[in-house]
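Undergrad: Chains as they are written, first to last, in this note's numbering: chain A, 51 to 136; chain B, 20 to 227.
Hint data in this document are derived by calculation from the structure and do not stem from the laboratory. Hints may be right or wrong, so weigh each one.
In silico DSS-like links for lysine-lysine, alpha-carbon gap of 27 Å or less [claimed, not checked]:
| hint | chain 1 | residue 1 | chain 2 | residue 2 |
| --- | --- | --- | --- | --- |
| 1 | A | Lys56 | B | Lys105 |
| 2 | B | Lys194 | A | Lys124 |
| 3 | B | Lys148 | A | Lys73 |
| 4 | A | Lys124 | B | Lys206 |
| 5 | B | Lys206 | B | Lys148 |
| 6 | B | Lys194 | A | Lys56 |
All values reported here derive from a predicted model rather than from experimental measurement.
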Amino acid sequence: MKLECKHVWEHISEYIDGAVDAKLREEIERHLEHCEICSAILDSTRNILVLTADDRTFELPVGYSERLHARLAKELEEADKEPRKK
Amino acid sequence: METKATTEAGLIARILAGEKELFHELIRPYERMVYLTLLAIMKNEAEAEDAAQEAVISSYRHLGSFRGDAKFSTWLTTIAINEGRKRLRKAKASAEDSIEEEVEGQEGDYTPAPLTDWREVPLEALERKELREALRTAVAELPDLYRHVFILRDLEELNIEETAQAMGISVSVVKVRLHRARIMLQKRLVPYLKTTAPARRGFFGRAL
Ligand SMILES: [Zn+2]
């Protein structure tokens, strides 16, 4: 059976996650060999995911960590005065 | 050599036994994750930070109820999600309802956008600031349900099962939302990639 592009798109997310079964994986890969469009869609989607996971894309507010630990230190100090909640 | 999990379990045991200063160390690897989870929910940096602090404090207070059968990161993410939801509920009484009632089956076009010469796009294109900016905006504009799943899975890199566990939804729902989120982003970002395929080439005629 020849896989249509639309069929490949439906499984693109699972394919990226390596969650398609062996038979479907093989069919998709055979399709990708000759289909530029699906290859480009797959590559662009993958690259977007790489960019998403890149620390520079979603940055933490400046001083976030310092403020968090300062607040935590205060909490730990106060916890001394009263017993810990269950 | 100790694995991350045993080190973590050891840390937790010591904290519970009274060495509470170690909580700083326990939480450090997950600070970013807690913030991003709350940013996904609150959509506002200042609120996300405030909620992140609250979630971390809450995780400290409830550390005694952490069961070793879940990963600490998943447990912590669940606390962060709950903190975010609690705040949304408070901020807007109706917000929770609209979030929960949004359903999967809604109409929508989840077809990716074709582009021809992605392979020709130099890697430096990915370094472009405006692409990052566009991605941040596109993620912020995803429907809430899709954004939450996307952030946990693709930004914080939890696996599908962990994402499902943290959000209290099924694995198959995670997969559907994740797929839609990824396709929506692909579609939104294609214009920022170097060139898109001109429609006249009739891909669809050939493809179908
Ligand atoms: Zn194709």
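Undergrad: Does the structure keep lysine 56(A) and lysine 105(B) at a Cα separation of 27 Å or less?
TA: With Cα atoms ~40 Å apart, lysine 56(A) and lysine 105(B) exceed 27 Å; violated.
Undergrad: Hint check: lysine 124(A) vs lysine 206(B), CA-CA at most 27 Å. Holds or violated?
TA: The given pair, whose Cα atoms are some 46 Å apart, is violated under the 27 Å limit.
Undergrad: Quick one, are lysine 194(B) and lysine 56(A) close enough, alpha carbons at most 27 Å?
TA: The given pair, whose Cα atoms are some 18 Å apart, holds under the 27 Å limit.
Undergrad: Run the distance test for lysine 206(B) versus lysine 148(B): straight-line Cα separation, threshold 27 Å.
TA: Measuring from Cα to Cα gives roughly 19 Å; hence the hint holds.
Undergrad: Can you confirm whether the C-alpha distance between lysine 194(B) and lysine 124(A) stays at or below 27 Å?
TA: Between lysine 194(B) and lysine 124(A) the Cα gap is close to 41 Å, so the pair fails against 27 Å, i.e. violated.
Undergrad: Decide if the proposed pair is consistent with the structure: lysine 148(B) and lysine 73(A), CA atoms, cutoff 27 Å inclusive.
TA: 40 Å, violated
Checked against the numbered hints above, the structure violates hints 1, 2, 3 and 4; every other hint is satisfied.
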